[in-house]
Amino acid sequence: MLLSLLPFYPLISFLLIVLLKKQLSWWQTSVLSVGAMLICAITSLVLLNTLNQAPDGVITSHLWRWFSLSDGDSFASVNFSFYLDALSAVMICVVSCVGFLIHLFAAVYMKEDENFSRFMAYMNLFIVAMLILVLADNLVLLYLGWEGVGLCSFLLIGFWYQEKANVLAARKAFIVTRIGDTSMAIGLFMLFNSLGSVNIVEVNELATAQWQVGNNDAYWICLLLLGGAVGKSAQLPLQTWLPDAMAGPTPVSALIHAATMVTAGVYLIARMNGLFILSPQVMNYVAWIGASTLLLAGFAALVQSDIKRVLAYSTMSQIGYMMLALGAGAWSAGIFHLMTHAFFKALLFLTAGAIIYALHHQQNIFKMGGVLKRLPFESGLFIIGLICLMALPGTSGFFSKEAIIAHLWSSPTAGQALWWCAILGALLTSIYSCRLFFIAFLSKERFSHQVENLSSVGLKISLITLAVLSLVGGFLAPDLSTVFAKASQEVSHMVEPQWLHAVAIATPIIGIVFSWFYFSKYRSVEPMNYQKAEQNQNPIVRFCFSGLGFDRLYEILLIKPFVAIARLNKRDVVDQLVMSLTWYIGLWRDVLVYSQNGLMRWYAAAFAIGLVCFIGGWLL
Amino acid sequence: MDLLALSMIIPQLIIAAGIVLAMLLVAWRRSQQLIANFTLFILILSLVATINGFGVDKLSVTQLLAVDDYSRFAFILVLSATMICLYLSKIMLKQVEDVHDEYYLLLLLVVLGAGILVVSDHFASLFLGFELLSIALVGLVGYCRKAPNAVETGFKYLILSASASSFMLLGIAFIYAQTGDLSFTQSSIENTGLTIPLLYQIGFMLFFSGVAFKLSLVPFHFWTPDVYQGASSPVAMLLATVSKCAMFIVLLKCCYTATNLAVLQHEKLFEFISWIAILSMIVGNSLALKQQSIKRLLAYSSIAHMGYLLIVVLISNSSGLNMAWQSVLFYLTAYLLANASIFTVITLMDRDRDVYLDVTINDWCGLFWQQPLKACLLIFSLLSFAGIPLTAGFIGKFYLVSLAANQSLWALLAALIIGSGIALAYYLPVIFSLFSQDQVSDDKHTVSMSLLEKFVVTLFIFTGLAIGIFPDAIGSVLQAI
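Chains A and B, in that order, give the protein sequences. Throughout the first sequence, residue numbering follows our numbering, covering 34 to 653 in sequence. Throughout the second sequence, residue numbering follows our numbering, covering 2 to 482 in sequence.
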């Protein structure tokens, strides 16, 4: 009962806000949307608690039958049903709790915006779609949520649509993820075609029962589903939309493009684990995609100048870790990292948002400097976020990241090369975090405005709660053994060298020590000429700055030819043909009109002539 | 003729008796209110009798008539259309001249003609019904003598209709000469195998051209726009619905006999009818383009609609007959409803101003902003005519398309699609003009509607929507037949 109501709280709030848009004051809108999220969060926690007592660790809730599919002999009904197990319980808790905190923050942060109610309505709608996505008991409903979050992401990136750049970013995000979605849809069709079911539990069971490991069908289906996951989670090669998506308001970046939606791809793969273990090859691809995205994003984050873009690339690289974990068969570790990442990345984004707000919408870190002194509260929270991101021992990031790295060496679908990638990634993470911190927070201030502090209780509550969660999140490790029981048997126990863990733990610290000396000029007190430094970058830095040139590559490979073809056919040939048809019909009509002259003798004659013509035609 | 057979044609008998009684009523007391109510009473009685008869198997009543559920359904359509016409006529006649008892008498005669047509199983009864219908309609068309073109229109209709009848009679005579039998289900030809006698073919063509005149199929369509425009709106509606509906049903009854199915598959006759259908679709739709007068527009669009419907005449195998009947009846229902709706709006418009003025698209400019209810009805009806999804017209057209595709009638299908494409080019501008902001300030739409009128309009809207959204409601009735 509680379960079936969960997505309806934000839905009701969404509808009310949309319908009563004009009448509601800021206060009413906030209470409505944040209140709905609070109820959602409490319900999720209650559900998490009841799940422990539930037999076989599953709660289901059937709402109504949506439609039914029949495939010759087999018949599958697609229901509006929710399925809650340990995995989706983790997800709903993350979505609704982090969602609640971000809503609370957003209500304060966006107060001045004239379209405040539209913003909160979209945010609520997003939560509805996200909850449907994670609770869906069948893949069609999951796809509904999947598209729903994509739509909300589009709407929210382009929230300030008055500026062209934002609209372009929204469009880019929509189109790039759509490529992934298409691949996923094809995957779903193939899945239904070969298994005759879309129910997730059934699919996982049927796949294990019917297919051997390495089955060709399973390979293609997994690959296509991976395409969807890659698009949504901004992994190679569909990662280009995420940095641009930072054009949206900061709470959106925190909620959608860090904590929840972008991890939907990870969730999808984890959800379909029964299918993916049948295809070790695709698992290997997943791991390699994760690893290469992780490194690519790490390098790109090293040279960014926009604080939100640094965080965006860092999100990409952290999702790369999750993918790596899934690819290595470390399902629980991947989901654990998803959870902790949601906490600390939401914290980072929101604090960044607060800082940006205080500095009058200044996002360029080279124009910040000395924030630590001016905004000690925000800076303190940001530091907490950063040490979690770097995975310093004791923080939540440490537990989850170590869990992932520990699995890699001996995993059959990962291996030593990937382990080294992960270590390198961890090193990069700590270096770019330090760089960000040094440039933006230390040294002397390089801005002239007065800081405008956001002081609101709600805002502080949400930030502090997230900070606490980030710190202690490591002890909230979810027990997912029931979900991945079948999938995790495969991991063999190879002998691992003793030094592995030591290296993994030491890596972030090495990164910090390295940065302390390498970036010493950033933290020095005397101001340096950053504008000059920004212009005189060497080509490699510029290459990294542009996200390793993927945008450029796609422009040359895809956009240019497409636009050229479109331009070639500017005066659409087919359209011309059709339009000429209308011209002929117009002419034909003008001729025919003469036959309607109102003269009865002509009518009678035409009657006879018509008949004579027909009989003549018949005789011939 | 036993009692059971007699009971089959009770609805028609009620109408016939009603006519006699109505004449006596006229002699007794001349009151428009009285006779209008009496006519309504007769129609309702007949409707009840028809519905009551549903479910009884096909039964021949003498040689002349054969009653089955298809005819009953068609007769229900006819009766409903007549009732709507009656309602509109009352509105219209209030405005014209003093007392109009004859008008209702003629109306009943039209219904009787249509009633005989839908149950006829014999060329003689067909001709009887045909003439009854035509002559009564001539009277109705020219009824408002003071209208500018009424007499001219009546004459046109009379003379052209008479020549059509004579062609038809000649055709029937040829058929009789060849077979010696006037029943639809001849047996003599079947025995001769595949070769169909030439005289029979010519006879069939002549007969068909007579029917085609009534259905206003190209090239026998010339009278249609003039007569629609010249007749008063309720009568034009009668022409568009009752007369066409009844004629089409009798055409199908004639064609769907074992003999004539074979005859129609004869290459040349098949081509003959295909050409008529294709020409009707294209010519009808093309002529409606740029048409300003709404009634003329409807006349041309009715030509095209009958052309679409002609597809079902050409189906080859007898197994698809049930499906064909269903599609025809569904299509006719949708067509009738949309016609009735638009003519209702036209009549209400007539009432609010000079009755004899032709309604043009310009008169409807900005109607939506002043009388949204009427405008909504118009939008639904026009969309239904155009066959846009979620309207009854879409389902009807869908049936036709699936039939044509099943029978591989590709040329007809192509014409249907092109025709529908052209049709959008004249239906949509009407809808756009309803929303136009230009001439809203005119006071021509200010007369408000009475409660009953509002109710009727709303009822039409809901019926149309209901059929469009739940086509199964009618589909299941038709399937049960």
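Since the hints were made in silico from the structure, they are not lab data. Certain hints may be false.
Beta-carbon label-pair distances, calculated as ranges [unchecked claim]:
hint	chain 1	residue 1	chain 2	residue 2	range
1	B	V152	A	Y627	21 to 29 Å
2	B	D355	A	A599	51 to 59 Å
3	B	F42	A	G631	34 to 42 Å
4	B	V49	A	I648	40 to 48 Å
5	A	G631	B	K147	45 to 53 Å
6	B	V152	A	D623	26 to 34 Å
7	B	E268	A	L590	52 to 60 Å
8	B	Q34	A	Y627	23 to 31 Å
9	A	Y627	B	G422	45 to 53 Å
10	B	Q96	A	Y627	56 to 64 Å
11	B	I45	A	I648	41 to 49 Å
12	A	L590	B	L425	53 to 61 Å
13	B	E268	A	N226	43 to 51 Å
Example chain B residues on the side facing chain A (calculated, C-beta under 8 Å, incomplete) [claimed, not checked]:
hint	residue
14	I160
15	S164
16	I197
17	P198
18	L200
19	S210
20	P220
21	W224
22	F271
23	V284
24	I362
25	K455
26	F456
27	V457
28	T459
Ideal Cβ positions, reconstructed from N, Cα and C, are used throughout, including at glycine.
CB-CB spacing for I648 (chain A) and V49 (chain B) relative to the 40 to 48 Å hint: holds, 46 Å
Hint validity - I362 (chain B) Cβ closer than 8 Å to any chain A Cβ: violated, 16 Å
Interface hint outcome for F271 (chain B) [beta carbon to chain A under 8 Å]: violated, 11 Å
C-beta pair D355 (chain B), A599 (chain A): status relative to the range 51 to 59 Å that was hinted: holds, 55 Å
Hint check for Y627 (chain A) and Q34 (chain B) - Cβ pair distance inside 23 to 31 Å: The hint (23 to 31 Å, Cβ to Cβ) is violated, given that Q34 (chain B) and Y627 (chain A) are roughly 47 Å apart.
Verdict for F42 (chain B), G631 (chain A) (Cβ pair) under range 34 to 42 Å: holds, 40 Å
Agreement of hint T459 (chain B) with chain A interface, Cβ distance less than 8 Å: It is violated, given that the least Cβ distance between T459 (chain B) and chain A is near 25 Å, above 8 Å.
Supplied distance hint 43 to 51 Å, evaluated on CB atoms of E268 (chain B) and N226 (chain A): Once the Cβ atoms are compared, 44 Å apart, the range 43 to 51 Å for N226 (chain A) and E268 (chain B) holds.
Cβ distance range 53 to 61 Å for L590 (chain A) and L425 (chain B), holds or violated: Since the Cβ atoms of L590 (chain A) and L425 (chain B) sit about 41 Å apart, the hinted range of 53 to 61 Å is violated.
Whether the CB-CB distance between E268 (chain B) and L590 (chain A) falls inside 52 to 60 Å: Since the Cβ atoms of E268 (chain B) and L590 (chain A) sit about 58 Å apart, the hinted range of 52 to 60 Å holds.
Hint check for K147 (chain B) and G631 (chain A) - Cβ pair distance inside 45 to 53 Å: Since G631 (chain A) and K147 (chain B) have Cβ atoms about 20 Å apart, the given range 45 to 53 Å is violated.
V457 (chain B) as an interface hint toward chain A, with CB separation required under 8 Å: violated, 33 Å
The structure fails to meet hints 5, 8, 9, 10, 12, 16, 17, 18, 22, 24, 25, 26, 27 and 28 from the earlier list, while all remaining hints are met.
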